[in-house]
Amino acid sequence: MFKFGAVLTGGLTAIMVTLNGILAGNLGDFIALIIIHIVGLVTAGAIILIKKKKFVFKKDIPFYYFTGGAIGVFLVLFNNITFNAIGVSLTLALGLLGQSVAAIIIDNFGLIGIKATRFDKRKIVGFGIIFAGIVFMIIGS
Amino acid sequence: MLYIFMAFVAGWLIVLSMIFNSNLAKRIGIFQSTLINYTVGLFVSGLLAIIMNNRINIGLIEFNSIPWWVYLGGFVGVAIVSASNYIIPKIPVIYTTLLVYVGQLTFGLTLDYWSGLPVSRNRLIGGVLIVLGLLYNFRIDQINTGEAEYDSSI
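Here the protein sequences come in this chain order: A and B.
Note that the numbering used here numbers the first sequence so that position 53 is 53, with each residue one more than the last.
Plus 1000 on top of the position in the second sequence (first one is 1) and you've got the numbering used here.
Hints were generated in silico from the structure; no laboratory data involved.
These numbers come from a predicted model, not from an experiment.
Careful, some of the hints might be misleading.
Here are the computed lysine-lysine pairs in the DSBU-like style, where the Cα-Cα straight-line distance is at most 35 Å [said to hold, decoys possible]:
hint : chain 1 : residue 1 : chain 2 : residue 2
1    : B       : Lys1090   : A       : Lys51
2    : B       : Lys1090   : A       : Lys121
3    : A       : Lys115    : A       : Lys54
4    : B       : Lys1026   : A       : Lys3
5    : B       : Lys1090   : A       : Lys52
6    : A       : Lys52     : B       : Lys1026
7    : B       : Lys1090   : A       : Lys3
8    : A       : Lys121    : B       : Lys1026
9    : B       : Lys1090   : A       : Lys54
10   : A       : Lys3      : A       : Lys121
11   : A       : Lys115    : B       : Lys1090
Work out the full structure, taking the sequences as your base and the hints as a guide.
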């Protein structure tokens, strides 16, 4: 049941990229970014109000912990631009490849506070298959 | 080619924002960190719009010209954060990438078809190959760790 939930979460991601992409295609990239973040902010605020969560204040949080939101803006911007150029499935497939490469580098060298885990060279085969899949998707688009 | 590179870079941004966000969420809770996330994001979006001198004076007609549900992307984003927060701890972690990608691919191809991109044979083959590649690396992780440990590189 939870495994189906994980599949559904992936489906929701595809829906989100499509909706945001259509919005950006109609209203322009930067207006779309503002609207998307207002709607997200209101939703998150409503959840906190409904669940009556107490606000926690902590002083010793490093500044860079707060940069996730700023990085997210460029993520949404890039997704919106590529959605309108190459569609949602190729956008997500390339995102998966980029994600894997970034994760390998971060894990292998133990960057930004992540415990170093050596890359298993046997996985090159898997990545080769994934890469071939992406080439097929690009040809088919 | 530029778009292909851009979509690839978006993958790096996913990893970076996930690491920073989960660190923040561990400190102050998932919903509060999401709220901060969108607040910072809104500020940066506004700044970008000003810097890029984007036309802010869009008329009401333009806002009304698209169906209401197109505006729900931000809502779906928060739904994804909540759902992941609930579901992901309950399944073996090395399954996650695989299952989430299967969802992205099936919904992605359907939505592409719906927005006018045909599901060609090569696109289907490509999607299946990606899943097979993920499965292969997933097996290696299973052998290495006995499903015990998490390796985010699959």
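The hints, checked one at a time:
| no. | hint | result |
| --- | --- | --- |
| 1 | Lys1090(B) - Lys51(A) | holds (22 Å) |
| 2 | Lys1090(B) - Lys121(A) | holds (29 Å) |
| 3 | Lys115(A) - Lys54(A) | holds (32 Å) |
| 4 | Lys1026(B) - Lys3(A) | holds (24 Å) |
| 5 | Lys1090(B) - Lys52(A) | holds (25 Å) |
| 6 | Lys52(A) - Lys1026(B) | holds (19 Å) |
| 7 | Lys1090(B) - Lys3(A) | holds (9 Å) |
| 8 | Lys121(A) - Lys1026(B) | holds (32 Å) |
| 9 | Lys1090(B) - Lys54(A) | holds (25 Å) |
| 10 | Lys3(A) - Lys121(A) | holds (28 Å) |
| 11 | Lys115(A) - Lys1090(B) | holds (23 Å) |
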